[in-house]
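Novice: Heads up: the sequence lines are chains U and X, in that order.
Going by my numbering, the first residue of the first sequence is number 1, and it counts up by one from there.
Going by my numbering, the first residue of the second sequence is number 1, and it counts up by one from there.
Think of the hints as simulated: they come from the structure by calculation, not from any bench.
One should not assume that every hint holds.
Unchecked claim - Cross-link-like lysine to any residue pairs, in silico, SDA-like; alpha carbons within 25 Å at most:
(1) LYS90/X x ASN199/U
(2) LYS168/X x GLN297/X
(3) LYS16/X x PRO219/U
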Amino acid sequence: MITEQEVIGLNGDEAVAYAAKQCKVDVVAAYPITPQTIIVEKFSEYVANGEVETEFITVESEHSALSACVGASAVGARVFTATAANGLALMHEIVYVASGLRLPIVMVVVNRALSSPINIHCDHGDSMAERDAGWIQIYTEDAQEAYDTVIQGFRIAEDERVLLPVMVMLDGFFISHTLQNVFVLPDETVKKFVGEKRNVPEIEIMGKRVKLKLDPSFPLTIGPLALYDYYHEIKRGQAEAINSSMEIIKKVHDEYSRVSGRKYGDGVLDSYKLEDAEIAIVCIGSAAGTVKSVVNEVREEGLKAGCLRIRVFRPFPADEIRRILSGIPVIGVLDRSLSFGGMGGPLQYEIKVSMYDEPKRPLIMNYAYGLGGRDLPPGTVKKIFYELNKLKGKQKPKETFKFIDVRE
Amino acid sequence: MKINPKEIALVEEKRKWFLPGHRLCAGCAAPIIVRQVFMALDKKPIVVTATGCLEVATTIYPYTSWRVPWIHNAFENNSATASGIEAAIKALRRKGEIHEESPIIVFGGDGATYDIGFQALSGAIERGHNFLYILYDNEAYMNTGIQRSGGTPGYAWTTTTPVGKKLKGKTQWKKPIARIVAAHRQIKYVATASPAYWTDLIKKVRKGVQANGPAFIHTFSTCPRGWRTAETKISIKIARLAVQTCYFPLWEYENGQYRLTSSSEAIAKVSKRKIPIEEFLKPQARFRHLFHPEKDQKIIKCIQNEVDKEWSILLKLTGHQLL
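Work out the full structure, taking the sequences as your base and the hints as a guide.
Specialist: Given below as structure tokens:
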């Protein structure tokens with residue numbers, strides 16, 4: 001049954017803080033960085049007003065923020081943090097530790113370009129640099145989805161079959177600072193959905209069932225040294241865990257949609273008018289809103305266009321993508337970050353690999369757009385659709401990767 | 001505070017919170033310090049350990065020496081990790097999910113404390129988290145094979161301060177880490193301690209865990225391998241010489257007051273008990289270049305002056321007459 005919901009005007013950051021509050025997190029350890037700062041400020045207000053029982057650790061750096069989250073989560077607490085760009089880069093070492101220790105931390109990354117030159121606006125270079133770190137990565141399209149995804153994030157992370165940290169992304173300024181009417185669930189509903197407290201799973205050690213946490217009643221050694229005789233197996237276990245989390249991510253999304261009435265595709269991929277499409281744009285984040293609206297526009301002009309938004313980037317839904325894009329002859333992949341010295345943006349690699357086994361491989365173009373917060377106007381998207389349309393039935397052009405809206 | 005050494009030793013021998021079979025070197029003072037710290041505790045602690053010798057040599061998967069809840073996160077973040085643990089316990093206790101009172105003990109070597117983890121340590125103290133930090137200072141990056149740290153003394157040989165034609169070991173003095181920690185307004189207790197004076201160490205650990213806020217104990221941890229000592233069995237002797245020469249004086253700081261303890265207090269009263277620094281330097285081949293091929297009186301004098309200078313600062317801080 002869909003729950004009756006209040007509508008509040010919230011920007012993306014406020015929506016995230018509101019969700020974290022409703023999830024009854026035990027510990028928040030965070031350091032301010034534009035454009036994530038509002039999350040930290042808002043949460044501080046909740047603490048100052050006694051609206052939460054959370055221990056808020058105002059750490060002295062992002063490295064310490066995630067380090068404190070690791071400590072807190074190892075004790076069995078529900079833990080939340082948020083960061084962006086340089087802050088995430090500073091955390092990098094501990095991003096791997098958190099997933100290696102299988103700690104269900106939820107971290108919001110408000111996407112921002114990495115230095116240098118220093119820039120506070122949106123691109124995806126920060127979270128793309130963490131794509132191999134073993135976290136579940138979910139990119140959102142607007143403030144509403146950011147709110148919904150933080151709540152889903154705790155359920156996914158803490159699921160006994162998953163036990164992995166979850167990174168929820170929202171585009172800096174485009175989502176973080178843009179006011180939106182956000183439907184919020186009643187506190188009770190969220191509490192019921194995520195569980196009042198974190199369920200710490202039990203494991204069997206030396207014939208005894210013990211909670212997987214730092215606990216004087218059965219002392220565990222967490223974070224030991226493991227060399228070539230075990231490291232390999234431990235990492236394979238981690239790889240299997242993140243791959244099998246896909247089903248849980250979908251299930252949690254479905255269950256959430258039954259409560260909230262909101263759906264984001266199948267929870268992993270959000271396809272728009274792809275059924276009969278001959279050209280498609282694949283993208284991530286807030287750009288999808290613009291692309292979808294341009295799909296409508298160019299369809300009226302006779303182009304059979306569609307859009308595929310990747311919501312879950314890790315684990316990467318390659319099989320589903322192949323199924324959805326199969327038969328579409330020309331595809332344009334939009335990348336809001338670069339892989340310097342590589343053959344295009346990071347999303348492009350994933351899409352190309354996904355389509356490699358197709359008997360009839362599509363022509364895949366790759367466009368770098370919106371670096372450092374540069375806008376993606378509908379006109380640009382329209383130009384891309386027309387270019388893709390022109391490539392139907394043509395030979396692959398010499399250059400398949402290009403920067404768009406760039407001054408020469 | 002009364003200490004019955006035999007009784008304490010027997011308790012720890014029986015409960016064995018730190019087990020033998022680890023792979024720390026013979027003569028390494030770090031496991032001795034860990035056991036002495038545990039002897040001081042009534043309640044089972046939660047232990048955080050920074051990357052370093054103590055961590056890698058005691059937790060080689062699938063084995064562990066720790067019979068207490070133990071976590072290692074990374075090199076530079078033991079204090080931040082402890083912050084999270086302390087905050088989580090507070091939050092979970094409020095919810096009635098945790099009932100035990102476990103002191104949080106944080107171990108870090110000189111690399112993790114003086115250098116790479118200093119920011120996290122300073123931040124955690126400033127925020128006032130309740131934990132006891134035990135620095136085991138073996139005066140260089142021993143885990144990576146003897147490289148200089150902020151805790152390495154002047155003129156000591158390390159692999160990154162080699163003795164060459166131009167340079168004679170490290171060109172800087174040790175950072176006064178304990179006094180730097182004591183400069184934090186939020187710190188509740190600071191002390192230096194030596195495994196050679198273990199009842200003094202135990203008393204200080206007890207004070208540290210009862211301080212109800214951030215506490216810091218700087219322990220002196222002999223490293224036979226890195227210091228190139230003549231024999232592993234003289235580890236504790238060297239730790240004692242460090243105190244007797246006033247190279248590593250024993251003191252504590254609480255309620256804004258510095259106080260000398262144990263042998264160092266005795267030396268302050270009877271100055272002739274102070275032994276020349278040469279006695280401390282001689283059995284350690286990291287200072288071999290000061291004695292071979294011939295004795296370098298100039299450098300030894302220079303080190304003695306530096307020791308005297310630090311000692312006089314401490315005498316002043318503890319309200320003693322200068323010698």
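Novice: Does the alpha-carbon distance linking LYS168/X and GLN297/X stay inside the 25 Å limit?
Specialist: Holds - the C-alpha atoms of GLN297/X and LYS168/X are around 13 Å apart, at most 25 Å.
Novice: Can you confirm whether the C-alpha distance between LYS90/X and ASN199/U stays at or below 25 Å?
Specialist: holds, 18 Å
Novice: Does LYS16/X pair with PRO219/U here, judged by a C-alpha cut-off of 25 Å?
Specialist: holds, 13 Å
Going down the numbered hints, you'll see the structure goes against none, and every one checks out.
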